[in-house]
Amino acid sequence: AQSVTQPDIHITVSEGASLELRCNYSYGATPYLFWYVQSPGQGLQLLLKYFSGDTLVQGIKGFEAEFKRSQSSFNLRKPSVHWSDAAEYFCAALLNAGNNRKLIWGLGTSLGVNP
Amino acid sequence: DAGVIQSPRHEVTEMGQEVTLRCKPISGHNSLFWYRQTMMRGLELLIYFNNNVPIDDSGMPEDRFSAKMPNASFSTLKIQPSEPRDSAVYFCASSLQLYSNQPQHFGDGTRLSIL
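So the protein sequences, as listed, match chains A and B.
Final position of the first sequence in the numbering used here is 115; the numbers increase by one with none missing.
Final position of the second sequence in the numbering used here is 1115; the numbers increase by one with none missing.
Possibly wrong hints are sitting among the right ones.
What the hints assert, rightly or not - Going by beta-carbon spacing under 10 Å, a handful of chain A positions derived as facing chain B:
(1) Phe34
(2) Tyr36
(3) Gln38
(4) Gly41
(5) Leu44
(6) Tyr50
(7) Ser52
(8) Ala92
(9) Ile104
(10) Trp105
(11) Gly106
(12) Gly108
Source of the hints: derived by calculation from the structure; they are not laboratory data.
Glycine residues also receive a C-beta, built at the ideal position from the N, C-alpha and C atoms.
When you get a sec, could you build the whole thing from the sequences and use the hints?
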């Protein structure tokens, strides 16, 4: 079945440390890929997206993500984490589902930041 | 620019009552999505519309749930009768175009508690 997997349920890093959140998808072709962030009590906000071209994409808040076709991955990175980055992060992929296309969501990774 | 607007932000009601959640998508967006988010099941797509027409309602859990989009600027999600297991945060999202690389824009959600 088509799926998006975020292997890490929860990650805690120290402020100023680097961050990598993992995302893998199962799909034959290259899907459109997205990373969203959800702060407590709020809706999801788009961080960045990839659909073609340069495999390293830049997003808002200093985040970037790299698409690796060979690994079916789209990992999110940030070189130096700030306390305000503590939130839930969701990876999503637009995949074919029968005659339609559907946005498939990962279960999310909760990020904690230690001062 | 106004984002996706959802009302109410919080709803507490007794089981058996009818609940109506409302959503105003971003002006000019053709697609609208209703999601439910819980700790146990994560983010679930309930139903989505394109040009006011329901495209896929396979995520609607039961006949107690119904959704309408009478015009391009308004949608409702109704639960009748409500049950305690319906307690969740319900999000509405809209996007410029369905099945494209255009991202979904989320409202801040309605936190629903059924007693």
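- List, from low to high, the hint numbers that the structure doesn't satisfy. Checked against the structure, no hint fails, so every one of them is satisfied.
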